[in-house]
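*Asks:* Residues per chain are reported as follows:
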Amino acid sequence: MSIFDRKSQPPSSHQSPNQEVLDYLAKQEMETYVLRLYVASNSLRSMRAIQRIQKLCEERLPGRYELEIVDIYQDPERLEQDQVFAVPTLIKQLPPPLQRLIGDMTDMDKLISCLDI
Amino acid sequence: MKRQLTKCPTGIRGLDEITYGGLPQGRPTLICGRAGCGKTLMAMEFLVRGAEANEPGVFISLEESTDELAQNVASLGWDVDTLVAKKLLALDYIHIERTQIEETGDYDLEALFVRIGYAIDRIQAKRVVIDTLETLFGNLSNTALVRSELRRLFLWLKAKGVTAIITAESGDHSLTRHGIEEFVSDCVMVLDQRIQQDLSTRRLHIAKYRGSQHSSNEYPFLIESNGIVVLPLTSVELNYTVSSERISTGVKRLDGMLGGKGIYRGSSVLISGTSGTGKSSLSGHFAAASCSRGERCLYVAFEESANQIIRNMRSIGLDLETPQQSGLLKFHALRPTFYGLEMHLVKICQLVQDFEPKMVIFDPISSLTSAGLFHHIQSFLMRLVDFLKAQGISIVLTNLTTDGTPLESTDVGISSLMDTWLLLRDQETNGERNRLLFVLKSRGTHHSNQVREFRMTSQGIEMLDVYLGPDGIVTGTARLVKEAQAAAEAVARQQAIERKQHEIERKRLIMEAQIHALQAEFEAEKDDIDRLVEQAQQHESQLLQEQRSRAKYRYAEDTLNPKNYTS
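Sequence lines, in order, name chains R and X.
Our numbering puts the first residue of the first sequence at 34, with every later residue one more than the last.
Our numbering puts the first residue of the second sequence at 99, with every later residue one more than the last.
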């Protein structure tokens with residue numbers, strides 16, 4: 034679902050513009066996040082990244098996120114499709130736009146602002 | 099046993115020669131150079147040639163997508179898709195785009211390794227190309243991390259045992275922009291594209307090759323229609339076999355000047371002279387002579403078209419059209435500036451390999467000065483001459499000597515390479531220019547030291563003896579005048595002799611007549627005297643008889659000698 038799809042559903046006429054914006058934001062907040070984290074088995078960086086992402090998602094996106102953890106050694110054929118070259122790599126598949134974050138997620142502020150959560 | 103570095107032949111023409119066998123087997127090689135100098139192509143050819151030799155290869159592209167890559171090399175006749183289908187080649191495009199990546203802490207490039215490793219394992223690759231590492235530096239902000247990861251990458255590739263080529267952009271003051279060469283201890287090649295006198299030439303040199311001898315020269319290379327050709331500067335060693343067979347120059351008296359038999363097969367002949375001295379005409383004779391022996395001849399013309407040469411040669415009675423039609427003579431006419439020198443060399447070498455001529459004529463080499471610098475032309479000609487001589491092909495080069503330069507020199511400095519040097523000269527006297535030829539040198543043959551005058555007649559070149567008078571060499575009509583004078587003088591001398599002979603004959607006749615006269619006179623006098631003597635004797639005897647009769651008469655016997663009475 035894209036932003037344009039959402040706009041194609043006009044809000045009911047009795048609602049004020051302010052209400053409209055709030056609704057939009059509320060709706061967006063309710064969206065499910067589809068995340069994929071590529072890690073290199075149990076390397077220190079990877080473990081750290083997994084912990085941080087899981088913690089962040091539990092705090093900010095309780096119940097509306099899907100986090101898949103992919104071990105690059107186990108599924109090397111998936112790397113090409115997601116254009117992964119570094120580990121750890123976090124792919125935000127949904128909501129759009131698709132985003133690629135690399136690193137062990139120590140820069141939490143950047144992580145939050147990038148994921149927009 | 100001595101452990102020697104095993105080498106992996108690249109299959110790129112010329113490259114294996116200058117690396118003495120190829121790249122270090124199982125080790126990474128760095129190719130660096132500026133954009134557009136042929137790094138990607140060289141790396142790709144390494145894989146394509148490997149695939150042809152049944153060595154699968156992986157191309158990891160960090161710059162171009164696999165489709166772009168396949169398209170770019172399709173023009174060189176490399177069918178990447180088929181090779182991929184046959185599992186002899188794998189292409190992997192690793193797309194790294196700064197705008198799509200956020201860095202949120204420490205990371206490593208392990209996934210890149212896994213991807214490369216996966217691609218290698220999938221087709222059992224022996225060769226790997228990573229093109230180009232600049233992308234990593236360009237798109238990742240943590241340069242220190244990238245550097246340490248690259249160090250790891252090189253070690254990892256070595257551990258994998260694949261022969262790898264990694265490309266990188268060259269920096270301003272260092273081999274590569276990010277000092278990657280520090281990590282590569284085995285082999286570093288530098289590609290370069292330079293423009294000199296509006297003509298660009300790509301060059302290659304090996305900056306480092308651990309554990310192997312290598313030539314440190316810069317070698318020109320070309321991107322040809324079917325791949326890269328590296329041209330070894332002097333790939334041919336001076337150990338070619340020589341022929342002692344002699345071949346005619348096409349001008350009988352010129353053969354005579356060259357020890358009576360012409361030039362050696364497979365030798366080089368330089369014809370130099372100022373403009374209009376008949377260099378092309380003379381080389382036309384060489385061509386015609388070669389064709390008349392049934393041997394193919396390649397005529398490389400830098401200034402005239404094939405048709406023009408044929409027409410001009412017809413005017414001096416040389417038919418080059420028939421051999422051209424029968425395929426014995428081939429013209430390769432184009433402007434020297436059409437390509438760089440290296441391209442010319444490759445084209446000529448290819449033509450020679452396809453056409454297999456016994457003689458190659460270059461007319462004139464002096465016009466190459468517009469296509470390169472002095473030492474480039476010199477090395478070009480040196481390689482050309484070596485290449486042709488190595489195959490026993492006779493070479494005829496013409497060189498235009500410009501006015502003001504010494505005749506015994508060439509603008510391109512190759513006279514010392516030549517086996518035979520014919521110098522054409524014109525001499526201006528009495529308002530006419532006449533052509534002279536002499537053999538400046540001819541290695542290994544006894545040759546004439548005389549200057550000959552030569553004329554271009556409708557039956558070809560005709561050599562004449564020059565008239566050597568008391569005032570020096572006389573040519574042309576002056577020679578005719580001198581000859582006529584000499585002839586007249588000779589006649590006069592002959593007449594003088596005849597006159598003298600007549601005179602002496604006459605004198606002899608006179609003398610003989612005088613002798614006759616004297617004899618007659620003598621005879622006459624003798625008759626007179628005889629007659630007188632007779633008379634005197636008769637008179638004497640009469641007197642005696644008278645005396646006797648008188649004595650008888652007197653009887654006076656005693657007073658007389660009795661003997662006087664007997665008669």
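Source of the hints: derived by calculation from the structure; they are not laboratory data.
Bear in mind that the values here come from a model prediction, so they are computed numbers and not experimental data.
Where a beta carbon is used, it is the ideal one built from N, C-alpha and C, also for glycine.
Please note that the accuracy of each hint is not assured.
[As the list claims (entries may be wrong)] Below are the EDC-like pairs computed for lysine to aspartate or glutamate, each with C-alpha atoms no more than 20 Å apart in a straight line:
1. X:K185 / R:E113
2. X:K306 / X:D484
3. R:K125 / X:E200
4. X:K605 / X:E560
5. R:K125 / R:E101
6. R:K88 / R:D115
7. R:K143 / X:E200
8. R:K88 / X:E454
9. R:K143 / X:D204
10. X:K598 / X:E610
11. R:K125 / R:D115
12. X:K184 / X:E150
13. R:K125 / X:D204
14. R:K88 / X:D204
15. X:K350 / X:E393
16. R:K125 / X:E195
17. X:K185 / X:E232
18. R:K125 / X:E201
19. X:K256 / X:D284
20. R:K143 / R:E110
21. X:K256 / X:D290
22. X:K185 / R:E110
23. X:K306 / X:E280
24. R:K88 / R:E113
25. R:K143 / X:E195
26. R:K125 / R:E99
27. R:K143 / X:E610
28. X:K105 / X:E150
29. X:K539 / X:D524
30. X:K224 / X:E280
31. X:K306 / X:D353
32. R:K88 / R:E99
33. X:K428 / X:D452
34. X:K350 / X:E560
[To be verified] Covered stretches of chain X (in silico footprint by chain R; criterion: 3 or more residues with CB under 8 Å from a CB of chain R, positions within the stretch not fixed):
35. 213 to 220
36. 342 to 353
*Asks:* With reference to the structure, classify each hint as holding or not holding.
*Replies:* Hint by hint, here is what the structure shows:
no., hint, result
1, X:K185 / R:E113, "holds, 18 Å"
2, X:K306 / X:D484, "violated, 28 Å"
3, R:K125 / X:E200, "holds, 12 Å"
4, X:K605 / X:E560, "violated, 51 Å"
5, R:K125 / R:E101, "holds, 11 Å"
6, R:K88 / R:D115, "violated, 24 Å"
7, R:K143 / X:E200, "holds, 8 Å"
8, R:K88 / X:E454, "violated, 78 Å"
9, R:K143 / X:D204, "holds, 13 Å"
10, X:K598 / X:E610, "holds, 18 Å"
11, R:K125 / R:D115, "holds, 11 Å"
12, X:K184 / X:E150, "holds, 11 Å"
13, R:K125 / X:D204, "holds, 19 Å"
14, R:K88 / X:D204, "holds, 18 Å"
15, X:K350 / X:E393, "holds, 18 Å"
16, R:K125 / X:E195, "holds, 16 Å"
17, X:K185 / X:E232, "violated, 28 Å"
18, R:K125 / X:E201, "holds, 14 Å"
19, X:K256 / X:D284, "holds, 10 Å"
20, R:K143 / R:E110, "violated, 29 Å"
21, X:K256 / X:D290, "violated, 27 Å"
22, X:K185 / R:E110, "holds, 16 Å"
23, X:K306 / X:E280, "holds, 11 Å"
24, R:K88 / R:E113, "violated, 28 Å"
25, R:K143 / X:E195, "holds, 18 Å"
26, R:K125 / R:E99, "holds, 10 Å"
27, R:K143 / X:E610, "violated, 148 Å"
28, X:K105 / X:E150, "holds, 17 Å"
29, X:K539 / X:D524, "holds, 19 Å"
30, X:K224 / X:E280, "violated, 24 Å"
31, X:K306 / X:D353, "violated, 52 Å"
32, R:K88 / R:E99, "holds, 13 Å"
33, X:K428 / X:D452, "holds, 11 Å"
34, X:K350 / X:E560, "holds, 9 Å"
35, 213 to 220, "holds (count 3)"
36, 342 to 353, "violated (count 0)"
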